[in-house]
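Enquirer: Residue numbers (this note's numbering), protein chains in the order written: chain A, 1 to 239; chain B, 1 to 389.
Rather than coming from a laboratory, the hints here were simulated on the basis of the structure. Any given hint could be a false lead.
[To be verified] The calculated lysine-lysine pairs, modelled on DSSO-like cross-linking and capped at a C-alpha distance of 30 Å, are:
#, chain 1, residue 1, chain 2, residue 2
1, B, Lys383, A, Lys17
2, A, Lys5, B, Lys342
3, B, Lys191, A, Lys17
4, B, Lys258, B, Lys274
5, A, Lys17, B, Lys261
6, B, Lys274, A, Lys17
7, A, Lys102, B, Lys210
8, B, Lys345, A, Lys5
9, B, Lys210, A, Lys79
10, B, Lys261, A, Lys5
11, A, Lys79, B, Lys274
12, B, Lys261, A, Lys31
13, A, Lys5, B, Lys210
14, A, Lys102, B, Lys324
15, A, Lys5, B, Lys171
[Claimed, not checked] Label pairs and their calculated CB-CB ranges:
#, chain 1, residue 1, chain 2, residue 2, range
16, B, Tyr239, A, Thr43, 34 to 40 Å
17, A, Pro11, B, Met1, 56 to 62 Å
18, B, Gly362, A, Glu3, 57 to 63 Å
19, A, Ser73, B, Met364, 36 to 42 Å
Beta carbons are placed, not taken as given, at the ideal position from N, Cα and C, and that holds for glycine.
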Amino acid sequence: MAEEKVIKPGPAGYIPKPAAFLGVDTPPPGKALLYGEVVDEETAMREAAKAMLTRRNPTIFPGPLVLWGYNTSAIEKAKAVLELAMEIPNCRIIPMPDYRPKYPKINPEAEINPNHPNLTILHNRIEACIFVGVHCHYANLSLRMIRAGTNCFTIALCAEMGHEDAMVSLRDVHADDIRRFRDVVVEMRKELGIEWEPKLPPENPSLPKEEWTNLSALDFGEYAYLLLPRKGEVVEESE
Amino acid sequence: MVEQKVVDPDYLILEAPRERKFITGSQAFAEAIKRANVDIAIAYPITPQSETMHLVGDLWAQGYVKDYYRAEEEYGAMSAIAGAVRGGARAFSATSGPGLLRGLEAIVSWPGHRIPAVLGVMTRVVNAPLSIQPDNVEIAYLLHSGLIVLHAENQQDVFDFTLAGFPISEKVDVYLPVVVATEGFFVTHAKGYVELPPEDMKLPPRDPYKAPVPPTDCEIPPARIQRDAPVQKSNFMSYLIHAVWQQEVWSANERARKWIKHYLGGLVEVVNPKAEVFIVASGCAAAQGREAQRYAEMEGLNVGLVKVKSIRPFPAQELREILKDAKAIIVPEHNIVGWLCKEVKAVIPNGERVVEGPRVYGGMTLPVELIMDEIYRVLGIKKEKKTLV
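Isolated chain A (complex conformation):
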């Protein structure tokens, strides 16, 4: 018997089936997914905006494709994400800077990690979030774990083909599309009668003040040996 193809906030259980197993497919170009169904982008954006404006502790999780200035479009996208964050009341930004497992644990107020994203969601009581700039594989892992164990409403702003396990998934999202979503947020905020003066989210608590003047090779920890010549070693040429 066919199972219900509705992708809604969890907790969905111990190990819920992924949406793709339930028959949810990524949206075709120009369309979006809302609760597992293909809809117009506008409809999906409005529902996503409503979630970010009405649910507790809305948070944006930017990934490496936004956080690292790979190219001009990544930098532009990062600016657009900040513009979006400014328009969402009390929005926070918690980055997913990379995908490495971190030991012994992450600081859930400063970071989200794809190996246990639910820790960050639960610690901060996040009930609505946006994934943007996260590589699709890791976004999918995170979205599934969040749906399994939390009641968070997940929104994926994907630069590629979208994500079945998010409650709202937009595809081919670049800086202009993020700004279009920002405008929908502003419009929805007015409709809901929410007063808000745009401002940047608070600084990430884990970020130390950047100080590069006293940088030593030893600051690179286990990689220091790559920078320091071994005793007696003379490097005559390199590629």
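With the hints as your guide, set chain B onto chain A.
Expert: Only chain B this time, still in chain A's reference frame:
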């Protein structure tokens, strides 16, 4: 070497004019690689396998393939494929039988590490006593690892599946290895007609940044042999990450359906969809099934054929729909375990309709008459047996 221009994959695979050639299955593999803009071919090409990787070596010598690495054995070959692909290269290899099983530990790790590559498998039996004859039991070993497994009926399929394998494999929502399996000898060593697009066209180069995972820096140490993953470090991690990772591999396998439909016209091919009795077959058995269906039609029997092109993802929904009114379903196979029969039975209601066979193995050919015998039996037609001396 012919000067080649890059064209859109849809044009090269679906629209470009084609010219008919009479070539072996191994040559069909090589013709696909010639047009696939492959960065590196890696193999341990022993004899007897097929001449596929030797022909691909010739392509390297001519300049169609940018690099060729002859590994020390299959485990090394398949591990090297993983490294090359993680570093951003488009890679191809081919193997068969015992070589496939020797490389299997590396091969089944490819999907989890999101390695888009194409692997030719010329089936050659793996059981002892060792045989070098066609028997596709080794496909059974590939079905539970997340690989996309296509099964080619003939030389044309070999060409089409291999060329389409690269764009399917490299789609961001798929990003899994594609296996193109076909029967050794019957297809690899025999000639058949193949419609080929012009050889002065090739696929666009692989873009490693269009990916669901970051490409790995293979030049700056410390060299990483795996993705940053909990794979080696699970004592610190929630088991759920392993679970959702496996789910992601199989979700990607599901997403491949639409691309297989796009490039290969569907996961199945159906002949006579209103039939009373169906032959469901893949690979060379589909060729024999096709003949049996033709014989049956000539005799006025209402028999159809379902050729299963894609074993993974498996066309469960298609088979349920096509076979819903079938009185009997005959599944001829080139192996003793009947892996396709088990797959078919698992996805349709009233499994007692499935005839388990005929099966041949150990290198035997599959006479059409064996399939006809089953058709007569399920239709209650008595035929006089002739004894040949």
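Enquirer: Now tell me, hint by hint, if it's right for this structure.
Expert: Cross-check of the supplied hints:
{"no.": "1", "hint": "Lys383/B / Lys17/A", "in the structure": "violated, 51 Å"}
{"no.": "2", "hint": "Lys5/A / Lys342/B", "in the structure": "holds, 28 Å"}
{"no.": "3", "hint": "Lys191/B / Lys17/A", "in the structure": "violated, 46 Å"}
{"no.": "4", "hint": "Lys258/B / Lys274/B", "in the structure": "holds, 25 Å"}
{"no.": "5", "hint": "Lys17/A / Lys261/B", "in the structure": "holds, 24 Å"}
{"no.": "6", "hint": "Lys274/B / Lys17/A", "in the structure": "violated, 35 Å"}
{"no.": "7", "hint": "Lys102/A / Lys210/B", "in the structure": "holds, 26 Å"}
{"no.": "8", "hint": "Lys345/B / Lys5/A", "in the structure": "holds, 25 Å"}
{"no.": "9", "hint": "Lys210/B / Lys79/A", "in the structure": "holds, 22 Å"}
{"no.": "10", "hint": "Lys261/B / Lys5/A", "in the structure": "holds, 22 Å"}
{"no.": "11", "hint": "Lys79/A / Lys274/B", "in the structure": "violated, 59 Å"}
{"no.": "12", "hint": "Lys261/B / Lys31/A", "in the structure": "holds, 20 Å"}
{"no.": "13", "hint": "Lys5/A / Lys210/B", "in the structure": "holds, 29 Å"}
{"no.": "14", "hint": "Lys102/A / Lys324/B", "in the structure": "violated, 52 Å"}
{"no.": "15", "hint": "Lys5/A / Lys171/B", "in the structure": "holds, 24 Å"}
{"no.": "16", "hint": "Tyr239/B / Thr43/A: 34 to 40 Å", "in the structure": "holds, 37 Å"}
{"no.": "17", "hint": "Pro11/A / Met1/B: 56 to 62 Å", "in the structure": "holds, 59 Å"}
{"no.": "18", "hint": "Gly362/B / Glu3/A: 57 to 63 Å", "in the structure": "violated, 43 Å"}
{"no.": "19", "hint": "Ser73/A / Met364/B: 36 to 42 Å", "in the structure": "violated, 59 Å"}
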